[in-house]
Structures are given as C-alpha cells and as structure tokens.
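Now for the letters of each chain:
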Amino acid sequence: MTSKVQDLYKVPVRREYTVVSVPEIGLLQGLGIRSGTRVALQDRYAFGGPALLSIEDTYTVALGKDVASQIAVQEAAS
Amino acid sequence: MSKSNKINPRDKVLLMGNPNVGKSVLFTEFTGIHAISSNFVGTTVTYTEGHLPIGNKEYTLIDVPGTYSLQSTSEAEAVAVSFMQSGAQAIICVLDATNLERNLVLALELQRYNIPTVYALNLTDVAERRGIKINEKLLAQELGAPVIPTVAVKRKGLDGIIGELDSLLSVTETTGSEEDECIACSKCSLCPGDTSKSTTGKPEDYPLKAKEISRRVSKKINSKPSFLDKLGDASVKPWPGIPIAFLAIALLVAVVVFGGRILRAVLLLPLVNNIIVPFFRDFFASFIPEGMLLNILTGEFGIFVISFEWIFALIFPYVLFFYIAFSFLEDSGYLPRISVLFDNVMRRLGVQGGSLIYAIMAFGCAVPAIIGSRAATSRKERLIITLAICFAIPCISQSAAVMALMAAYDWYMMPLMIAFGFFLFVVVSLIAGRFIKGRVDSLIIEVPNLLIPDARSYGRKLLIRMRHFLKDAEIPMMAAIVLAALLAETGALAVIARAAEPLVSQWLGMPREAVVALILGIVRREMSVAPLLALNLTPLQAFVGGAVSLMYIPCLSVFAILAKEFKIRIAVAVTLGTIFVALFLGGVINHVGQLFF
Numbered sequence: 001m002t003s004k005v006q007d008l009y010k011v012p013v014r015r016e017y018t019v020v021s022v023p024e025i026g027l028l029q030g031l032g033i034r035s036g037t038r039v040a041l042q043d044r045y046a047f048g049g050p051a052l053l054s055i056e057d058t059y060t061v062a063l064g065k066d067v068a069s070q071i072a073v074q075e076a077a078s
Numbered sequence: 001m002s003k004s005n006k007i008n009p010r011d012k013v014l015l016m017g018n019p020n021v022g023k024s025v026l027f028t029e030f031t032g033i034h035a036i037s038s039n040f041v042g043t044t045v046t047y048t049e050g051h052l053p054i055g056n057k058e059y060t061l062i063d064v065p066g067t068y069s070l071q072s073t074s075e076a077e078a079v080a081v082s083f084m085q086s087g088a089q090a091i092i093c094v095l096d097a098t099n100l101e102r103n104l105v106l107a108l109e110l111q112r113y114n115i116p117t118v119y120a121l122n123l124t125d126v127a128e129r130r131g132i133k134i135n136e137k138l139l140a141q142e143l144g145a146p147v148i149p150t151v152a153v154k155r156k157g158l159d160g161i162i163g164e165l166d167s168l169l170s171v172t173e174t175t176g177s178e179e180d181e182c183i184a185c186s187k188c189s190l191c192p193g194d195t196s197k198s199t200t201g202k203p204e205d206y207p208l209k210a211k212e213i214s215r216r217v218s219k220k221i222n223s224k225p226s227f228l229d230k231l232g233d234a235s236v237k238p239w240p241g242i243p244i245a246f247l248a249i250a251l252l253v254a255v256v257v258f259g260g261r262i263l264r265a266v267l268l269l270p271l272v273n274n275i276i277v278p279f280f281r282d283f284f285a286s287f288i289p290e291g292m293l294l295n296i297l298t299g300e301f302g303i304f305v306i307s308f309e310w311i312f313a314l315i316f317p318y319v320l321f322f323y324i325a326f327s328f329l330e331d332s333g334y335l336p337r338i339s340v341l342f343d344n345v346m347r348r349l350g351v352q353g354g355s356l357i358y359a360i361m362a363f364g365c366a367v368p369a370i371i372g373s374r375a376a377t378s379r380k381e382r383l384i385i386t387l388a389i390c391f392a393i394p395c396i397s398q399s400a401a402v403m404a405l406m407a408a409y410d411w412y413m414m415p416l417m418i419a420f421g422f423f424l425f426v427v428v429s430l431i432a433g434r435f436i437k438g439r440v441d442s443l444i445i446e447v448p449n450l451l452i453p454d455a456r457s458y459g460r461k462l463l464i465r466m467r468h469f470l471k472d473a474e475i476p477m478m479a480a481i482v483l484a485a486l487l488a489e490t491g492a493l494a495v496i497a498r499a500a501e502p503l504v505s506q507w508l509g510m511p512r513e514a515v516v517a518l519i520l521g522i523v524r525r526e527m528s529v530a531p532l533l534a535l536n537l538t539p540l541q542a543f544v545g546g547a548v549s550l551m552y553i554p555c556l557s558v559f560a561i562l563a564k565e566f567k568i569r570i571a572v573a574v575t576l577g578t579i580f581v582a583l584f585l586g587g588v589i590n591h592v593g594q595l596f597f
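Chains R and Z, in that order, are what the protein sequence lines are. Going by this note's numbering, the letters in the first sequence line up with residues 1 to 78, in that order. Going by this note's numbering, the letters in the second sequence line up with residues 1 to 597, in that order.
These are calculated hints, taken from the structure and not from any lab test. For every residue, glycine included, the Cβ atom is placed at its ideal position computed from N, Cα and C. Be a bit skeptical, because a hint or two may be false.
Stated by the list, open to error - Computed footprint of chain R on chain Z, listed as stretches where at least three residues anywhere in the stretch have a Cβ under 8 Å from a Cβ of chain R:
#, stretch
1, 62-71
2, 146-152
3, 234-243
4, 459-473
5, 504-518
Unchecked claim - Here are the in silico distance ranges between beta carbons for each label pair:
#, chain 1, residue 1, chain 2, residue 2, range
6, Z, 163, R, 6, 33 to 41 Å
7, Z, 468, R, 18, 33 to 41 Å
8, R, 18, Z, 412, 49 to 57 Å
9, Z, 224, R, 38, 50 to 58 Å
10, R, 38, Z, 577, 27 to 35 Å
11, Z, 379, R, 57, 34 to 42 Å
12, R, 77, Z, 378, 49 to 57 Å
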C-alpha cells in the first residue's frame, strides 16, 4: 500500500503518520522529529495556531504553523 | 562572573540531561540552597553551580543547561559541548523514564567523551503509572555504566547516585595519572570528540541505536491515564484548555491580590504602624533634637518610616504571593501550555506564543523576564517583547502600589487600568513589530508532563527568589528613600515642584507635590506611585498618576539590564521613549478625562 505524501499541518487529526522529511532545524531533530518518526496530529488551533503533535505515542510537541507545514508525512503502514 | 572554566576538571561533576527531566530538582537536592548562577563566558546562557560532597572530597556540581542533543544547534547546546570539552571528573546524566528513546540519544552522544557517567533514570513513578516498565539492569549493560532509578521529587534513589559516583571517582582518582598530564591533545582516546576509538559509532546512527536499546529494555503495557495526565492533555487543547488558562490566570491574580492584601492588613500594617515606626520614632527622639536630621530619619518621608511603610508593609506581601503563585505554575509544567494555546493571538502581535511566558514573568519583575527572553530564537522577537514589557507591564511592586492607590476609589478604576495596560501592550507590540527588522521564528516547544511541584525544591526556589528580591531591591530602594527624605526636608522639592508646575499641574493635572513621584520613579517603579498615596487625589488624577507610572521609565535596574543585554543605545532610547510617551499620553488622558468628569 503506497500512500501519498502530505503536509503535516493539513492531515486529519488523530491518525498516525510517518515523517518523510523535515526542514533543517536543529531543535526539531533534538525533539526527535526526523524522517521515520511516527507522529499523530492531536489538534490544530484556530486562526493559524500551532499543531499539537503526539510523537511516537510517548510525548507531546507543539509546532507553529510555518514549521509544521514544512514537514512532509505519509500515512503509517499499519 | 564565570569561574567554572577555571575550575580544575578534576573537581567538576556535570549534571546533564534533556529539558524538563527533573535536573534542577536533583541539583537542589544534591547541593542545597547555596547555588551560584553564572553566565557562560561570551554567551547569554546561564548555568548554576554548587558544592557536591562525595566521600571526603568536595566537588563542584554544574547544572548544565538542558539540551536535547550535543549538535551545537543552539547556544545552550554549544555551551553544553564546551562543558564536555573542558573536561570533568564525572557526569550525572538524567534520563526521563517516560521518554527513554529520545533521552538515550543524548546519552549516546555523551559517551563519545569517555567521561565516567552515572545515569539517573528519573520520573520512574510517572513511567510506572503509564505502564512503562524498564529493565534498568539491562539498560546499564547496554550503556556500560550504572543506572539508578530515581524519583527526584521524592528523593528516591539519590543516595544510590552518590554511592555509584563515589566508587567511580575513587577508581579514577587512583588510576588518573594519565589525566594529570592531559593537555587536551585531541589525539588520545581520553580526549573529547575523538571517535576513532569509541564504540558508540557515528552520531547519525544514534537515533536508530537509541530506538533499538529502548525497545530492548522497556515494555509498555496498557494503563489508565491518571487524573494529572488527563488534566495535562485537556489543559493544552483549546477546549477546555482556554477556559482553564483564564481560570489559572484569575487564580494567580486572586492569590496575589487577596493574599497580599490580607497579609498586609492583618499582620504587616498593624506591625509597622503600631510597633516598628513608633519604636524608631521614640528611639531617635530620645537622643536627636527636633529638626532636619530627625525629620530625615522619622519624619513624614523619614527613612525609618517609609522604608517600613512602603517596602515592608506595601510591596513585600505582594511580591511574596506573586512568587508563591508563579513558581507553582512554573514548576508544574503548566506555562508551556499557555504558550501553545495563545500562539495564534501572539502571532498577530508579531511574536510567538513562547514570549507570553516572559510577559507573565515580567509581572513579577522585568529584569528576570528580560534575561529569560535570551531563549527567544530571534533578535526581533526579543526586542518586541522587551519593549512591550518596558512600556506596558508593571512589576509586582508597582502593581501593589497602583492597587493601593486605586483602592480608595470606585471599583471600576482597577479594571480600567488593566484594560489600559492591555491596550498599551497590543499597540507597543504592533508598532515594534512593524519597525524592527528581522524575522520571528515559529513556535517549537515540548509540552511537558503536568506534575505537582516538589515541596522542597519549590520552597527553596521561593526562598531564593525572595532573598534576591530583598537583596536586589535593597540598595535602589534605600537610595530612593534617602533621596525622598533629603528632597522633602531640604526644601529642594518645593523648588523643583515650582519649576515643574507647567508639566505636572497644567498638563498632567496633578498637584505640584506629585513631581516627587516622577523623580523617585526613575530609581524604583513603585516609587512613581507610592508618593501619590498621601496626596488625596481626585479619581481622574489617580488614574493619570497610575497610567503615567505604568508607561514611565521602568527603573534603574531595568536600564542596567537593557544596557547589558542589548546596547546602551537601546537602554537610552527605551528610557527617553517611555518618559516621553508616559508624560504625553498622561496629559492626553487628563485633558480627555476632564471633558467627562
């Protein structure tokens, strides 16, 4: 099953995705968001607010719209 | 300030770990209250150091700023790398048991430096609650170093860490002859950064390796989330997070206002008015004849009168309750949630949600808030929030004085003043955002576990903060008070008041004597309000006085910190700008207000 690559900010909530590519920001790597990481969008705040992400089902990170939009994800193979 | 580069590496023990893993709690537990905060040379990164007795030797424990990795992608990480490179006798590396995989990446990076390490597997209680089971013996094997499960806030496992450190250090102390000769040649295996002989492989492989180790040593079974976990999740969602945030802020304000007021009315005011001030009056009157000297000491503006009336009875109770409430929010891990919830609103003002924390901090004191804003990711962001703080956010001392001033009038005066402050905050941010060049980065923030602060480290932090307040405020306050006493008693005040009459009386509509507030307000913020308390102002005059004080030059300490953190040019510009805007808008409010009252 191949699934299309999407922008993390726009995916439906509470579904698991795998990161395909991330922008070159050190803090993202540090927070464990790299290609291959499992993420689920928990919430997207109104008025262009941040994306709330659950990473590897263990911890929570919030990313501003600009950064989240630059992360490409693919639906996780289940 | 920093001495730690000069500390012999043989006396140094580094405390390292990701942010929010309980590092600071461990630090206070190990070193007690006497910690020194220093700046790392050439950077804006602050770290703390304290004494750590192990066996019969005294080591210096350094609380290295929390980092996710050693890739030098931020200033804090660069500092962590420098600490590693300057060498240490041992490392205590704190791992978050609820998030082992990511924490192991840092652990693997640290191994490259070949410094003896003890791992503190912290937050094991939270992990257990979440059904995460970690085989620490296996983890110790994988890491090739002792792993001690700890619950820092309950002081569990701390002796174990000291015990392991003791045995590690006694081994290196006896076999460390090679290190005595070490000149950081970066050729031998003892040198940091040398990966040729390391068994841990290339940094790019660490995430994968961390994942493998984490899989091998931990098991996850399904468990019911605790109330705190549920509250933690709920409080970051727009619903019910936003109502919770307003509730939390309302609670903070209520604790400060009512706590401060009760302590003041019930204990401090009677103590000052009935016991302390009469005591000094009688004491000095017993051997000093009536006249200027006696007035300077115990007259209306006497040093021994207003230092107790203003500082001890008026300011101190509010400062105390502010830090009681703020430290709780801080230690509970709640503040990042506010950043996330209001990021969209703050974006509209030209900053990101993370800056909201500095703004809240500034309600305590602008100085730590401006220092804290070093963590802002761009200069533009930092400047905008600093300006908004200087123009529109009163410190707690000033708020206390404004509240005392407004208390004599109708109930709506204080809400009106708050609304004015909000308006100012928005306008200043928007204008600053428009004119300052540069970019503002996106929010990137971890939302930590919500937890109940540990009573001991919370208490210590509160104590340290109150001591700082008393120490830092003491000299400028005394200076302001002595200045007030001298101005009043030498007649200089009357001369200045006459000269400033067009500005103070005609433009601002205040009584002539109010000029003393403008003079003293340069030294301390609350002093731009406190002298107005005794002037029997009309409601409009009180509002103008409060508004001018809000916008007026922050204080000498803020001037000093602006000059240090930015440039003297910016400190001067902020000072002149705030004075001008305060006097200009104050007059406008007065003249517009007169049309209605």
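Hints, verified against the model:
Using a Cβ-Cβ cut-off of 8 Å, 4 residues of the stretch 62-71 of chain Z lie near chain R, which meets the minimum of three, so the contact claim holds. Taking a C-beta to C-beta cut-off of 8 Å, the stretch 146-152 of chain Z contributes 0 residues in contact with chain R, too few for the three needed, and the coverage statement is violated. Counting residues of the stretch 234-243 of chain Z whose beta-carbon sits less than 8 Å from any beta-carbon of chain R gives 3, enough to reach three: the coverage restraint holds. With 0 residues carrying a beta carbon less than 8 Å from a beta carbon of chain R, the stretch 459-473 of chain Z misses the three-residue requirement, and the given coverage is violated.
For a cut-off of 8 Å, the count of residues in the stretch 504-518 of chain Z with a CB near a CB of chain R stands at 0, and the three-residue condition is violated. Residue 163/Z and residue 6/R have their C-beta atoms about 52 Å apart, which leaves the hinted 33 to 41 Å range violated. Judged by the Cβ atoms, the range 33 to 41 Å given for residue 468/Z and residue 18/R is violated: they are separated by roughly 48 Å. For the pair residue 18/R and residue 412/Z, the supplied restraint of 49 to 57 Å holds, since their beta-carbon distance comes to about 56 Å.
Taking 50 to 58 Å as the suggested C-beta distance range, the pair residue 224/Z and residue 38/R does not conform, at roughly 23 Å. At about 50 Å, the CB distance of residue 38/R to residue 577/Z disagrees with the hint of 27 to 35 Å. Range check, residue 379/Z to residue 57/R: about 37 Å between beta-carbon atoms, so the 34 to 42 Å window is met. At roughly 38 Å, the beta-carbon separation of residue 77/R and residue 378/Z lies outside the given 49 to 57 Å, and the hint is violated.
Hint check: violations occur at hints 2, 4, 5, 6, 7, 9, 10 and 12; the rest are consistent with the structure.
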